[in-house]
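Put together the whole structure using the sequences plus the hints.
Protein chains in written order, with my numbering: chain H, 1 to 227; chain S, 1 to 381.
Bear in mind the hints are in silico, worked out from the structure with no lab data behind them. Some hints could be false.
Said to hold, decoys possible - Estimated spans, in silico, between C-beta atoms of each pair:
no.: 1; chain 1: S; residue 1: PHE354; chain 2: H; residue 2: ARG77; range: 39 to 45 Å
no.: 2; chain 1: H; residue 1: PRO45; chain 2: S; residue 2: ARG370; range: 27 to 33 Å
no.: 3; chain 1: S; residue 1: ARG370; chain 2: H; residue 2: GLU21; range: 54 to 60 Å
no.: 4; chain 1: H; residue 1: SER14; chain 2: S; residue 2: ALA347; range: 55 to 61 Å
Heads up, the beta-carbon is just placed ideally off N, CA and C, and yes, glycines get one too.
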Amino acid sequence: MPPSDPIVSIRKLSKIYRQGEIDVTALDAVSLDIAAGEFLALMGPSGSGKSTLLHIIAGIDRPTSGECFVQGVDVARLNESELADWRNRNVGFIFQTFNLIPVLTAAENVELPLLLTGLSGAQRREMVAAALELVGLSERLHHLPRQLSGGQEQRVAIARALVTDPRLIVADEPTGNLDSESAHDVLEILSSLSRDAGKTVIMVTHDPKAAAFGTRSLHLEKGRLTT
Amino acid sequence: MSLSGYILRNAFRNKRRALLTAGSVAVSLFLFVTLQVAMREMTIPPEDAGASLRIAVRNKISLANTLPARQLPLIEKLPGVVAVMPLTFFGGKFKDDESLGFAQFGVDPGKFLALFGEAKIPADQLEAWRTSRDTCIVGKTTADRYHLKAGDRVTLVGTIYPADLELRIAGIYSGTIDDTNMWFHHAYLDEAMGNWGRVGMWWLRAESAGAVPGLLDRINAAFANTSAEVRAETERAFQMSFVSMWGNISILINSICSVVVFTLALVTASTMSMTVRERFRELAVLKALGFRRHQLIACILAESFGLAAAGALAGVGTAAVLFGSGTMTKIFGGMFPAFELTPRIAALAFLIAFLIGVAAIILPARSVTRMSVVEGLRTID
Numbered sequence: 001m002p003p004s005d006p007i008v009s010i011r012k013l014s015k016i017y018r019q020g021e022i023d024v025t026a027l028d029a030v031s032l033d034i035a036a037g038e039f040l041a042l043m044g045p046s047g048s049g050k051s052t053l054l055h056i057i058a059g060i061d062r063p064t065s066g067e068c069f070v071q072g073v074d075v076a077r078l079n080e081s082e083l084a085d086w087r088n089r090n091v092g093f094i095f096q097t098f099n100l101i102p103v104l105t106a107a108e109n110v111e112l113p114l115l116l117t118g119l120s121g122a123q124r125r126e127m128v129a130a131a132l133e134l135v136g137l138s139e140r141l142h143h144l145p146r147q148l149s150g151g152q153e154q155r156v157a158i159a160r161a162l163v164t165d166p167r168l169i170v171a172d173e174p175t176g177n178l179d180s181e182s183a184h185d186v187l188e189i190l191s192s193l194s195r196d197a198g199k200t201v202i203m204v205t206h207d208p209k210a211a212a213f214g215t216r217s218l219h220l221e222k223g224r225l226t227t
Numbered sequence: 001m002s003l004s005g006y007i008l009r010n011a012f013r014n015k016r017r018a019l020l021t022a023g024s025v026a027v028s029l030f031l032f033v034t035l036q037v038a039m040r041e042m043t044i045p046p047e048d049a050g051a052s053l054r055i056a057v058r059n060k061i062s063l064a065n066t067l068p069a070r071q072l073p074l075i076e077k078l079p080g081v082v083a084v085m086p087l088t089f090f091g092g093k094f095k096d097d098e099s100l101g102f103a104q105f106g107v108d109p110g111k112f113l114a115l116f117g118e119a120k121i122p123a124d125q126l127e128a129w130r131t132s133r134d135t136c137i138v139g140k141t142t143a144d145r146y147h148l149k150a151g152d153r154v155t156l157v158g159t160i161y162p163a164d165l166e167l168r169i170a171g172i173y174s175g176t177i178d179d180t181n182m183w184f185h186h187a188y189l190d191e192a193m194g195n196w197g198r199v200g201m202w203w204l205r206a207e208s209a210g211a212v213p214g215l216l217d218r219i220n221a222a223f224a225n226t227s228a229e230v231r232a233e234t235e236r237a238f239q240m241s242f243v244s245m246w247g248n249i250s251i252l253i254n255s256i257c258s259v260v261v262f263t264l265a266l267v268t269a270s271t272m273s274m275t276v277r278e279r280f281r282e283l284a285v286l287k288a289l290g291f292r293r294h295q296l297i298a299c300i301l302a303e304s305f306g307l308a309a310a311g312a313l314a315g316v317g318t319a320a321v322l323f324g325s326g327t328m329t330k331i332f333g334g335m336f337p338a339f340e341l342t343p344r345i346a347a348l349a350f351l352i353a354f355l356i357g358v359a360a361i362i363l364p365a366r367s368v369t370r371m372s373v374v375e376g377l378r379t380i381d
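The following block contains the structure:
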């Protein structure tokens with residue numbers, strides 16, 4: 001049953017990749033609504049199109065056809081520059097491999113998206129400290145990524161996703177590189193972001209245990225939603 | 001943290017590579033400015049304040065042909081002449097020198113300072129030179145090079161003239177554009193040559209720069225249709241006639257400089273390509289976070305500029321210190337008496353560094369522009 005107040009509204013979304021002479025359908029006329037504050041787990045086998053769907057919603061990939069409205073904006077119609085600004089303001093990214101900049105400290109990594117906002121240095125530092133405190137890393141502000149555990153790195157990545165206070169957080173296999181304890185911590189944080197802070201979290205995962213943290217799970221198979 | 005802080009961290013992410021790249025820029029630009037300064041000095045010889053008043057008179061047939069000594073009183077009488085003296089290049093070998101270590105000239109010591117007033121020499125040494133026919137004065141550069149001092153005896157073995165000259169050093173002079181020469185009594189050479197009555201050239205000083213053109217004409221006219229016609233020319237023109245003997249040296253040096261610059265551009269471009277390729281994933285993450293293409297390219301460009309500028313500062317700075325201290329003049333054994341790094345050559349080196357900084361990121365920037373975030377995130381570290 002579609003949510004009554006969707007933050008994401010997708011209609012007949014298709015994505016076809018061209019690999020040499022062959023067209024590969026990654027998404028096949030997918031329609032979907034995601035409510036604000038929802039924690040949606042996207043599941044499916046490799047190549048099912050779940051990451052492609054996540055990327056289109058987050059504005060880092062474009063559909064071949066169909067509509068993808070996020071917070072009322074058809075992201076497919078924005079040009080590169082508009083899309084970059086839109087991502088900075090509206091989307092927080094969490095990746096499987098954390099993707100922190102190795103030469104920057106935890107605080108500096110978290111500060112990166114804020115460099116584009118025009119905030120003062122003091123304001124940025126305040127927001128960085130708040131974001132890192134939220135993920136329980138207040139004591140690790142000046143540590144480089146190599147000085148952190150995998151779970152801590154992912155929590156820094158979550159702080160980086162949160163620091164601009166976006167309404168939408170997309171996470172691509174956020175626990176894929178973590179041990180079970182760290183994975184549990186990360187999922188707890190994502191869950192609380194949805195539950196307590198009203199963030200909409202869309203998470204791609206293979207792991208049913210991780211998906212269980214979500215408020216809804218959807219399965220993709222060969223580019224189509226099956227449940 | 002600011003964006004410049006981020007750029008700085010990136011620039012020193014691989015310290016060894018950054019240092020090697022900046023080092024290659026430094027060495028290449030040092031070589032570039034050295035070649036340019038050498039070429040400038042060869043093609044535009046330095047001159048001192050008195051050069052505009054000096055006139056060289058030589059045999060019209062060629063420099064190798066001498067002139068009769070009897071021309072002296074005729075030249076002295078010409079209006080506008082302040083001083084005139086014979087000047088004969090001896091070209092003798094000193095000690096075990098394989099080639100000519102320094103130039104030696106027979107001149108009139110009584111007129112020497114009237115023509116080369118820039119030379120600084122203690123009065124007692126000058127007097128000692130003037131009063132003893134078998135003495136000479138030596139430029140400080142050559143004296144330092146051969147550890148010569150006043151009172152030393154030197155022997156010049158003639159290679160052009162069939163005579164060896166035994167000379168005593170009366171003094172050491174300095175302060176001229178070229179402090180490498182040895183000057184001795186022309187009369188002593190005359191004597192060694194059996195009073196041959198010839199001189200290599202006449203060197204004279206005009207009363208003013210304005211008088212020079214008319215004087216040149218008068219000198220040439222004075223000996224026209226004689227058995228020893230002359231060619232009078234300004235010191236600058238005389239020097240430039242030597243420059244023409246270098247042939248296409250400019251083309252050769254500029255070709256070497258072009259190869260150096262081109263190689264440098266390839267090295268820097270290779271470094272920046274490697275740098276960007278290694279960070280493809282990070283750049284994709286930055287794009288995902290909202291950084292625009294031009295911001296990413298600006299970061300890469302700043303890093304490239306930083307390396308090129310650091311190299312240019314090191315290379316041109318080293319050149320400025322070395323050239324300024326006279327080290328290069330000593331290394332080249334007085335071949336280049338001034339070896340001066342001019343602002344124009346320094347600016348040219350920095351311009352090249354600037355252009356290399358831009359050129360080095362053309363291909364990486366193209367990759368970044370074309371890269372999609374998804375494609376970049378798939379890149380394996």
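Comparing the hints with the structure gives:
| no. | hint | verdict |
| --- | --- | --- |
| 1 | S:PHE354 with H:ARG77: 39 to 45 Å | holds, 40 Å |
| 2 | H:PRO45 with S:ARG370: 27 to 33 Å | holds, 31 Å |
| 3 | S:ARG370 with H:GLU21: 54 to 60 Å | violated, 22 Å |
| 4 | H:SER14 with S:ALA347: 55 to 61 Å | holds, 58 Å |
The earlier numbered hint that this structure contradicts is number 3, and it is the only one.
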